[in-house]
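**Q** One-letter residues, chain by chain:
Number of protein chains: 6
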Amino acid sequence: MADSYSAAPHVSRFPVVSPDDLPPDLQKRYAAVEEKSGFLPNVFAALSWRPAEAAAFFAMHDALMDKESLGLSKAERELIVVATSAANDCLYCVIAHGAIARIRSRDPYLADQVAVDWRKAPLPPRMHAVLEVAVKLAVTPAEVTAADLASLQEHGLSKDDVWDVGAIVAFFALSNRLAHWAAIPPNEEFFLMGRLPRD
Amino acid sequence: MADSYSAAPHVSRFPVVSPDDLPPDLQKRYAAVEEKSGFLPNVFAALSWRPAEAAAFFAMHDALMDKESLGLSKAERELIVVATSAANDCLYCVIAHGAIARIRSRDPYLADQVAVDWRKAPLPPRMHAVLEVAVKLAVTPAEVTAADLASLQEHGLSKDDVWDVGAIVAFFALSNRLAHWAAIPPNEEFFLMGRLPRD
Amino acid sequence: MADSYSAAPHVSRFPVVSPDDLPPDLQKRYAAVEEKSGFLPNVFAALSWRPAEAAAFFAMHDALMDKESLGLSKAERELIVVATSAANDCLYCVIAHGAIARIRSRDPYLADQVAVDWRKAPLPPRMHAVLEVAVKLAVTPAEVTAADLASLQEHGLSKDDVWDVGAIVAFFALSNRLAHWAAIPPNEEFFLMGRLPRD
Amino acid sequence: MADSYSAAPHVSRFPVVSPDDLPPDLQKRYAAVEEKSGFLPNVFAALSWRPAEAAAFFAMHDALMDKESLGLSKAERELIVVATSAANDCLYCVIAHGAIARIRSRDPYLADQVAVDWRKAPLPPRMHAVLEVAVKLAVTPAEVTAADLASLQEHGLSKDDVWDVGAIVAFFALSNRLAHWAAIPPNEEFFLMGRLPRD
Amino acid sequence: MADSYSAAPHVSRFPVVSPDDLPPDLQKRYAAVEEKSGFLPNVFAALSWRPAEAAAFFAMHDALMDKESLGLSKAERELIVVATSAANDCLYCVIAHGAIARIRSRDPYLADQVAVDWRKAPLPPRMHAVLEVAVKLAVTPAEVTAADLASLQEHGLSKDDVWDVGAIVAFFALSNRLAHWAAIPPNEEFFLMGRLPRD
Amino acid sequence: MADSYSAAPHVSRFPVVSPDDLPPDLQKRYAAVEEKSGFLPNVFAALSWRPAEAAAFFAMHDALMDKESLGLSKAERELIVVATSAANDCLYCVIAHGAIARIRSRDPYLADQVAVDWRKAPLPPRMHAVLEVAVKLAVTPAEVTAADLASLQEHGLSKDDVWDVGAIVAFFALSNRLAHWAAIPPNEEFFLMGRLPRD
Chain A
429 MADSYSAAPH VSRFPVVSPD DLPPDLQKRY AAVEEKSGFL PNVFAALSWR
479 PAEAAAFFAM HDALMDKESL GLSKAERELI VVATSAANDC LYCVIAHGAI
529 ARIRSRDPYL ADQVAVDWRK APLPPRMHAV LEVAVKLAVT PAEVTAADLA
579 SLQEHGLSKD DVWDVGAIVA FFALSNRLAH WAAIPPNEEF FLMGRLPRD
Chain B
429 MADSYSAAPH VSRFPVVSPD DLPPDLQKRY AAVEEKSGFL PNVFAALSWR
479 PAEAAAFFAM HDALMDKESL GLSKAERELI VVATSAANDC LYCVIAHGAI
529 ARIRSRDPYL ADQVAVDWRK APLPPRMHAV LEVAVKLAVT PAEVTAADLA
579 SLQEHGLSKD DVWDVGAIVA FFALSNRLAH WAAIPPNEEF FLMGRLPRD
Chain C
429 MADSYSAAPH VSRFPVVSPD DLPPDLQKRY AAVEEKSGFL PNVFAALSWR
479 PAEAAAFFAM HDALMDKESL GLSKAERELI VVATSAANDC LYCVIAHGAI
529 ARIRSRDPYL ADQVAVDWRK APLPPRMHAV LEVAVKLAVT PAEVTAADLA
579 SLQEHGLSKD DVWDVGAIVA FFALSNRLAH WAAIPPNEEF FLMGRLPRD
Chain D
429 MADSYSAAPH VSRFPVVSPD DLPPDLQKRY AAVEEKSGFL PNVFAALSWR
479 PAEAAAFFAM HDALMDKESL GLSKAERELI VVATSAANDC LYCVIAHGAI
529 ARIRSRDPYL ADQVAVDWRK APLPPRMHAV LEVAVKLAVT PAEVTAADLA
579 SLQEHGLSKD DVWDVGAIVA FFALSNRLAH WAAIPPNEEF FLMGRLPRD
Chain E
429 MADSYSAAPH VSRFPVVSPD DLPPDLQKRY AAVEEKSGFL PNVFAALSWR
479 PAEAAAFFAM HDALMDKESL GLSKAERELI VVATSAANDC LYCVIAHGAI
529 ARIRSRDPYL ADQVAVDWRK APLPPRMHAV LEVAVKLAVT PAEVTAADLA
579 SLQEHGLSKD DVWDVGAIVA FFALSNRLAH WAAIPPNEEF FLMGRLPRD
Chain F
429 MADSYSAAPH VSRFPVVSPD DLPPDLQKRY AAVEEKSGFL PNVFAALSWR
479 PAEAAAFFAM HDALMDKESL GLSKAERELI VVATSAANDC LYCVIAHGAI
529 ARIRSRDPYL ADQVAVDWRK APLPPRMHAV LEVAVKLAVT PAEVTAADLA
579 SLQEHGLSKD DVWDVGAIVA FFALSNRLAH WAAIPPNEEF FLMGRLPRD
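Chains as they are written, first to last, in this note's numbering: chain A, 429 to 627; chain B, 429 to 627; chain C, 429 to 627; chain D, 429 to 627; chain E, 429 to 627; chain F, 429 to 627.
Honestly, the hints are just simulated from the structure, not real lab data.
These numbers were taken from a predicted model, which means no experiment stands behind them.
Check each hint, because a few of them may be wrong.
[What the hints assert, rightly or not] Calculated cross-link-like contacts (lysine-lysine; reagent style BS3-like; alpha-carbon spacing at most 30 angstroms): (1) E/K456 <-> F/K456; (2) E/K456 <-> E/K495; (3) D/K456 <-> C/K587; (4) E/K456 <-> F/K495; (5) E/K456 <-> F/K464; (6) D/K456 <-> C/K495; (7) B/K564 <-> D/K564; (8) D/K587 <-> C/K456; (9) A/K502 <-> A/K587; (10) A/K502 <-> A/K464.
Go ahead and model the full structure; you've got the sequences and the hints to work with.
**A** Following this line, the structure appears as structure tokens:
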């Protein structure tokens with residue numbers, strides 16, 4: 429008889445492995461995030477039963493997101509994640525990266541504004557251009573043109589930044605789909621993070 | 429002044445790095461694929477300017493695609509790529525993975541049938557179920573339900589296979605978007621591979 | 429020369445009238461909500477320049493939302509608003525009614541879960557049926573069938589409740605479009621309401 | 429056992445109340461329309477079991493539709509209703525307001541042209557601009573921009589007219605959904621009204 | 429310098445040829461329809477400059493539409509045209525074939541009901557099944573399945589009737605697109621045909 | 429009992445008639461294509477049971493496709509078929525006309541590039557304009573404007589060429605739907621045609 433899959437699992441529709449059973453490199457990565465956040469975000473737990481995929485996933489994440497440039501700050505990278513994940517109705521990514529965006533932007537409202545209607549969010553023209561092309565790549569990727577990429581450079585992004593916009597959207601296209609497939613819920617801690625004055 | 433981006437570049441809209449300048453691990457991986465294929469597929473060249481991302485990308489690729497199971501053969505994994513990449517109008521992935529699918533399935537017609545209209549392709553009910561859920565996850569991920577995953581297990585896929593279906597779709601959601609963003613064209617060699625009787 | 433319209437106005441793209449200049453009935457209604465909430469929600473201010481429309485708008489709102497029945501609690505009515513307003517990307521309604529839903533449901537997570545992906549929200553089957561039909565009426569109204577209404581009654585809604593589901597969706601189809609047209613932003617107070625244990 | 433709902437009811441899927449049992453104000457409003465039209469339009473009958481909602485509904489209708497301005501005549505307001513109701517496949521509103529549009533425009537063809545394909549209807553540029561923005565607000569409300577509103581003012585609409593365009597679209601977004609929910613059919617009289625030379 | 433194309437031409441955006449200059453066979457066909465209708469429908473005039481295409485077009489039309497069978501009457505064939513042309517927003521076909529449907533069904537309301545919302549039109553289950561599959565073939569043809577065709581036969585259509593459903597939809601997919609391309613307006617006579625008791 | 433329809437028939441879901449039983453004119457047409465191609469393309473066999481429709485179908489095909497003009501070569505006409513048939517997921521037309529396009533363009537790659545993502549195909553601006561308008565007419569015909577037709581003439585197409593673009597799209601809108609309805613598979617010969625250097 430076939431297994432059944434939970435509609436709303438605690439962590440994932442698939443088996444979860446104890447961090448103690450992970451390869452040493454991943455154990456270190458998991459321990460670091462748990463120490464920094466105060467809890468282990470569910471996406472780490474959900475990927476634990478596939479260590480090779482987990483290692484690749486977090487390596488690519490860090491290469492794109494732990495990075496600050498003149499044209500694209502860490503907070504702005506998070507807003508790209510929020511806008512495109514909202515276009516994909518991905519609860520995990522909207523809530524978890526919304527929390528990180530609130531903290532990195534020190535703005536308790538912006539992430540929600542971007543999640544629900546980025547078009548009217550109080551952002552500079554550069555970020556409006558970024559989010560417009562980012563959401564297009566997320567939802568109708570074949571319609572992205574060379575002119576779309578050029579428009580980002582006209583708003584001051586470097587060639588490296590332009591690549592990063594595309595790669596962040598692409599990486600969260602993957603991430604959103606894994607989260608939907610495994611029905612990974614956001615940890616409750618994320619909902620309130622960054623909403624209070626002294627967070 | 430802003431750089432302009434090519435509408436139809438030879439390899440990528442972004443800089444390409446010589447394999448000689450890659451870190452040793454990647455050099456080995458690149459050399460292996462070039463020896464096996466007789467040429468370096470353009471996606472390798474296009475990712476070369478970002479070695480950390482390239483390493484993660486190919487690690488995840490290999491973890492999901494170089495794998496044969498009772499419920500999901502290597503050829504069938506390629507057909508998932510073909511069907512979902514066609515839903516995203518991704519030339520690189522349809523042509524390159526269509527070629528691999530022809531070789532792995534030893535069928536010169538199936539990949540094109542799946543690319544253009546998987547619904548009428550001569551496949552077993554199991555693969556029709558797989559492709560239906562896979563394309564749903566690719567195009568409207570929020571609509572995937574627990575019942576969709578359970579239906580795959582009822583068709584004989586193991587829990588590992590079910591994860592793989594979702595992870596393959598997710599990985600190529602990323603891959604399709606990178607290929608669109610950088611406008612990576614398929615190498616000409618792919619177009620004819622696996623079409624002749626003794627290929 | 430034509431007036432220009434603000435992309436992100438403080439209260440509305442159209443003129444705002446002081447509550448003192450409203451007809452007595454509306455003044456009373458406005459004062460009541462301001463006293464109860466501690467602030468005047470922006471939709472009241474935005475409608476003030478059209479007193480006849482404002483009176484009709486709040487009369488219909490109250491007839492549908494200030495109502496508790498066995499089949500549809502006040503909190504559940506708010507969740508219908510949240511789910512369908514999210515389908516319309518309406519920031520004002522998602523944030524303001526998300527806040528009210530948190531307070532009425534005494535649940536700090538549910539409104540966000542429903543806003544981003546109602547399909548996976550931890551709700552009883554009755555509310556899943558309600559939200560499925562409600563979102564259909566919001567987005568593709570011609571596809572609603574007699575069987576959809578009957579399914580709600582099978583989940584325990586009375587005929588009055590079934591009407592209310594449709595009328596709430598219809599009323600917020602109006603409300604979402606007014607909020608988009610006038611670009612009414614939610615008051616900042618709404619973002620944090622109902623998120624803290626003792627709210 | 430659950431009630432069943434008629435697929436094609438005579439007046440409504442919900443109970444209909446005799447006008448004699450309505451509150452005095454509504455009785456007067458209903459009698460006036462019946463005297464003017466020679467029959468009671470079904471939307472009046474369908475709303476009769478909810479007097480508070482009916483009163484608000486017709487108050488808002490009259491505030492927006494019984495109004496003539498330089499920038500937006502009564503006939504043109506009806507054409508906005510026809511175009512957006514057609515986009516929602518709402519039989520009641522297309523037929524009833526198509527009839528009123530024929531009478532108010534003294535044109536037996538225009539309403540059908542607008543209902544089926546407003547893009548090619550023989551209308552002045554001002555009305556093409558109005559209908560383009562109106563249909564956008566009806567179907568994809570989040571995509572309406574400040575520039576859309578400004579474009580209407582450039583075509584000669586006053587700020588009051590611009591609000592009216594949005595409010596009419598919003599009100600019929602409500603009306604279309606109520607008509608679909610209750611499956612309210614148009615009275616047969618509407619089909620022929622305004623089609624004959626001396627109507 | 430390039431020609432310009434009329435947004436709303438009298439007969440067509442392309443040249444119109446006098447019937448006297450048509451090949452004898454077409455002249456006869458054109459004369460017959462003009463005698464029967466009392467006027468020459470604009471689609472005949474619009475196709476006149478391409479006699480070979482016109483001959484093929486009307487030959488295919490007559491083979492499919494001038495045909496009565498137990499499972500699909502002439503009036504019902506016209507309703508298929510109305511429903512699918514409405515899905516394509518084709519004014520010419522909705523108005524012209526709506527007129528013919530009114531005459532052939534001796535029902536002054538049915539064609540409008542089918543044009544605006546076939547789902548709620550008072551039709552037998554057989555015709556609901558026919559229109560559901562017909563509109564699917566018109567709008568999302570790849571989604572039609574063998575089971576859709578089988579369902580029509582279960583409703584009493586013969587294999588010939590089932591082909592006719594598909595061929596009628598296919599033929600008007602062509603016809604709708606020609607009418608949009610050339611912007612062919614319906615003759616004014618069509619608007620009133622079949623609406624009066626003794627037509 | 430109802431007949432059932434094959435999901436993946438050898439030639440068609442409907443009866444196939446021997447060429448010997450066709451009217452003499454069609455026999456000649458069928459024999460000519462079989463001699464030229466070396467096999468009878470399945471669409472001929474599938475239409476054989478309806479000789480009047482077959483005669484009209486191939487007459488219209490030849491009038492539009494066996495034609496070379498300065499503004500639109502035979503190969504370019506085939507590419508219009510490939511792009512729009514791909515938008516409709518029509519296997520028969522993509523594969524059969526892809527083969528003809530390869531032969532007529534003497535390019536083994538172009539047809540696949542156009543089928544999967546015409547936007548990035550290495551074509552002159554004229555053909556990009558043609559395919560953009562062609563795909564619009566195929567998918568959302570009501571959105572085609574007079575300006576779209578004028579843009580083609582600005583790219584050097586004559587008025588006759590402009591008509592041909594629309595008529596080719598319209599004809600294959602029909603053809604794609606017949607092929608989906610009857611589930612006509614492409615003959616295996618088409619898959620390899622034109623792919624080898626000396627074809």
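**Q** State for each hint whether it applies.
**A** Each hint, compared with the structure:
For the hint linking E/K456 to F/K456, the alpha-carbon distance of about 27 angstroms falls within 30 angstroms, and the restraint holds. Between E/K456 and E/K495 the alpha-carbon distance is near 20 angstroms, which keeps this suggested pair within the 30 angstroms criterion. Note on D/K456 and C/K587: the hinted pairing holds, with a Cα-Cα distance of about 28 angstroms set against a maximum of 30 angstroms. Taking the CA atoms of E/K456 and F/K495, the gap is about 28 angstroms. The hint holds against a cut of 30 angstroms.
With a C-alpha separation of about 36 angstroms, the suggested pair E/K456 and F/K464 falls outside the 30 angstroms cut-off, and the hint is violated. Simply put, D/K456 and C/K495 have alpha-carbon atoms about 28 angstroms apart, close enough for the 30 angstroms limit, and the pair holds. The suggested pairing of B/K564 with D/K564 holds, with an alpha-carbon distance near 27 angstroms, which does not exceed 30 angstroms. Our distance criterion of 30 angstroms between C-alpha atoms is met by D/K587 and C/K456, whose separation comes to about 28 angstroms.
A distance of roughly 17 angstroms separates the Cα atoms of A/K502 and A/K587; the hinted pair therefore holds under the 30 angstroms criterion. For the suggested pair A/K502 and A/K464, the alpha carbons sit about 17 angstroms apart, so the restraint of at most 30 angstroms is met.
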